[in-house]
Amino acid sequence: MSSSKKIRVLVAKPGLDGHDRGAKVVARALRDAGMEVIYTGLRQTPEMIAEAAIQEAVHVVGLSILSGAHNALLPKVTELLRKEGADDVLVIAGGIIPEDDVPGLKAAGIAEVFGPGTPLSDIVDYIKAHVKL
Amino acid sequence: MAATELVEGVLQGDRRSLARLISLIENEDPSVGYALSQLYRHTGRAHIVGVTGPPGSGKSTLVDRLTTEYRRRNKTVGIVCVDPSSPFTGGALLGDRIRMQGHALDKDVFVRSMGTRGHLGGLARATSDTVRAMDAFGKDIVVVETVGAGQSEVEVIDLAHTILVIDVPAAGDDIQAIKAGIMEIADIFVVNKSDLPGADKKAAEINAMLDTDPRERAWRPPVMMTNARGGEGIAALVDKIVEHRKYLEDSGLLAQKGLQRSRDELRTIMSYKLTRELMEKLEGRPEYEQALRKIAERDDDPYSVAERLIAEFLVDYGRSVKENGERKRR
Ligand SMILES: Nc1nc2c(ncn2[C@@H]2O[C@H](COP(=O)(O)OP(=O)(O)OP(=O)(O)O)[C@@H](O)[C@H]2O)c(=O)[nH]1
Ligand SMILES: [Mg+2]
Chain V
3 MSSSKKIRVL VAKPGLDGHD RGAKVVARAL RDAGMEVIYT GLRQTPEMIA EAAIQEAVHV
63 VGLSILSGAH NALLPKVTEL LRKEGADDVL VIAGGIIPED DVPGLKAAGI AEVFGPGTPL
123 SDIVDYIKAH VKL
Chain G
1498 MAATELVEGV LQGDRRSLAR LISLIENEDP SVGYALSQLY RHTGRAHIVG VTGPPGSGKS
1558 TLVDRLTTEY RRRNKTVGIV CVDPSSPFTG GALLGDRIRM QGHALDKDVF VRSMGTRGHL
1618 GGLARATSDT VRAMDAFGKD IVVVETVGAG QSEVEVIDLA HTILVIDVPA AGDDIQAIKA
1678 GIMEIADIFV VNKSDLPGAD KKAAEINAML DTDPRERAWR PPVMMTNARG GEGIAALVDK
1738 IVEHRKYLED SGLLAQKGLQ RSRDELRTIM SYKLTRELME KLEGRPEYEQ ALRKIAERDD
1798 DPYSVAERLI AEFLVDYGRS VKENGERKRR
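Protein chains in written order, with the working numbering: chain V, 3 to 135; chain G, 1498 to 1827.
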């Protein structure tokens, strides 16, 4: 166990809404699936998220957002990661994101968007299938 | 990417190279040994501060405040936070960073969270080499927050120059008291949450305990009070940490500790390397299996066999090191 590679995930909450119950549930599910999950708490700017992703050398960034500012904030995260040469990081999003916005987010480098009520095992499976270790 | 390619970046202060090197250290990538040997000469400058204490005592909050104070004094800071990995799934929830958001965008602060991955003693296996990488990277101060899970977290003593043991006012049975054994490793005691009732009493208890300590010590661990949440008592604590470092230097203890560390480390590396390479050579080989059978059947004895196998191994080993060395020089 000790010398094998572990999937490292940053779970972050961009935006100003004050609820992180969903993010915490996802963080625990990923931990229980054997991943190392860095949780950074509420009200993260895209700059803070990208910097934490770099320092922690994560393979995955999971963004949980309820505030409606996803079109502004999420592409900014992928842009900053690209600028740092970390575009191999898998960026996924969850929360309340209207169907119509999904294509735009995917074009901006968000690999997948998970709506409310997505089974946690779907998120785990998605990460395991798409992560680049 | 191999660790060797990251050495240059680490020495030039590239955060991404440092981050990736730490991952390779954690994964015990075979290329790490050579990279660390390249970095070694650039280490030894950082002041390494260990922070230990019961869960929820405010270690991360305090580390955050210490960092603010060090930054005010123009020191760069590296932080390693260790949290337990689940022994069942190997997963870990690393939450110390939540308390350190004030430095999230400061390029002179580098925070790394780390799961224990099965290692006991309050640190991860990778912690020591990670601290070293941060030292080579150029951090003036490297702070290590131990697990805080109530294990006997004494491993930090081999790593840190100055150890802070955190305690909090006894606010009922829900808060764990620090374990005996942890008390002995303190260079500085910190009674955190000094805003809560009972802080003075706790400080007095620690002082009373120190009064009964039979050891003759030139440095009696001071008992400091902080309110990490409110940011009180932090500058005085940093002054004490600096004072302790100066004490270590002036008394010759720093040099002595350094020598002791080299001694321990070299012994560990040598015995690890020897055992591993010896066993790699032997295990599965027919002669080895046959020797085992002979020992089991009392046709031979383990003492003589060990001597013979080691002697043969050493001759081979000497030859192969010499050849490798010549190849490298060419
Ligand atoms: N009242 C008070 N609360 C504090 C103080 N310092 C920290 N806390 C609170 O104590 C709680 C735990 O703080 P942390 O910094 O996460 O403690 P920790 O020791 O790092 O915890 P673990 O890493 O989980 O072992 C948080 O709610 C902090 O806000 C303090 O000086 N006074
Ligand atoms: Mg902590």
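Do not rely on the hints blindly, as some may be mistaken.
Covered stretches of chain G (in silico footprint by chain V; criterion: 3 or more residues with CB under 8 Å from a CB of chain V, positions within the stretch not fixed) [claimed, not checked]:
no.	stretch
1	1513-1523
2	1581-1587
3	1775-1781
4	1792-1801
Pair ranges (Cβ atoms, derived) [unchecked claim]:
no.	chain 1	residue 1	chain 2	residue 2	range
5	V	D124	G	L1750	55 to 61 Å
6	V	E86	G	L1693	47 to 53 Å
7	V	L135	G	T1772	27 to 33 Å
8	V	G106	G	A1499	36 to 42 Å
9	G	P1584	V	D124	49 to 55 Å
10	G	L1508	V	I98	23 to 29 Å
11	V	G106	G	R1569	29 to 35 Å
12	V	G119	G	P1584	28 to 34 Å
13	G	N1571	V	K108	28 to 34 Å
14	V	L135	G	H1539	26 to 32 Å
15	G	L1751	V	G119	42 to 48 Å
16	G	E1774	V	E86	36 to 42 Å
17	G	D1747	V	E49	53 to 59 Å
18	V	L135	G	T1765	27 to 33 Å
Quick caveat, the hints were computed from the structure, so don't treat them as lab data. Since this is a predicted model, take the numbers as computed values, not measurements. The beta-carbon is built from N, C-alpha and C at its ideal position, and this holds for glycine as well.
Evaluation of the provided hints:
no. : hint                         : in the structure
1   : 1513-1523                    : holds (count 6)
2   : 1581-1587                    : holds (count 4)
3   : 1775-1781                    : violated (count 0)
4   : 1792-1801                    : violated (count 0)
5   : D124/V / L1750/G: 55 to 61 Å : holds, 56 Å
6   : E86/V / L1693/G: 47 to 53 Å  : violated, 42 Å
7   : L135/V / T1772/G: 27 to 33 Å : holds, 29 Å
8   : G106/V / A1499/G: 36 to 42 Å : holds, 38 Å
9   : P1584/G / D124/V: 49 to 55 Å : violated, 27 Å
10  : L1508/G / I98/V: 23 to 29 Å  : violated, 46 Å
11  : G106/V / R1569/G: 29 to 35 Å : violated, 43 Å
12  : G119/V / P1584/G: 28 to 34 Å : holds, 32 Å
13  : N1571/G / K108/V: 28 to 34 Å : violated, 44 Å
14  : L135/V / H1539/G: 26 to 32 Å : holds, 29 Å
15  : L1751/G / G119/V: 42 to 48 Å : violated, 58 Å
16  : E1774/G / E86/V: 36 to 42 Å  : holds, 39 Å
17  : D1747/G / E49/V: 53 to 59 Å  : violated, 43 Å
18  : L135/V / T1765/G: 27 to 33 Å : holds, 29 Å
Hint check: violations occur at hints 3, 4, 6, 9, 10, 11, 13, 15, 17; the rest are consistent with the structure.
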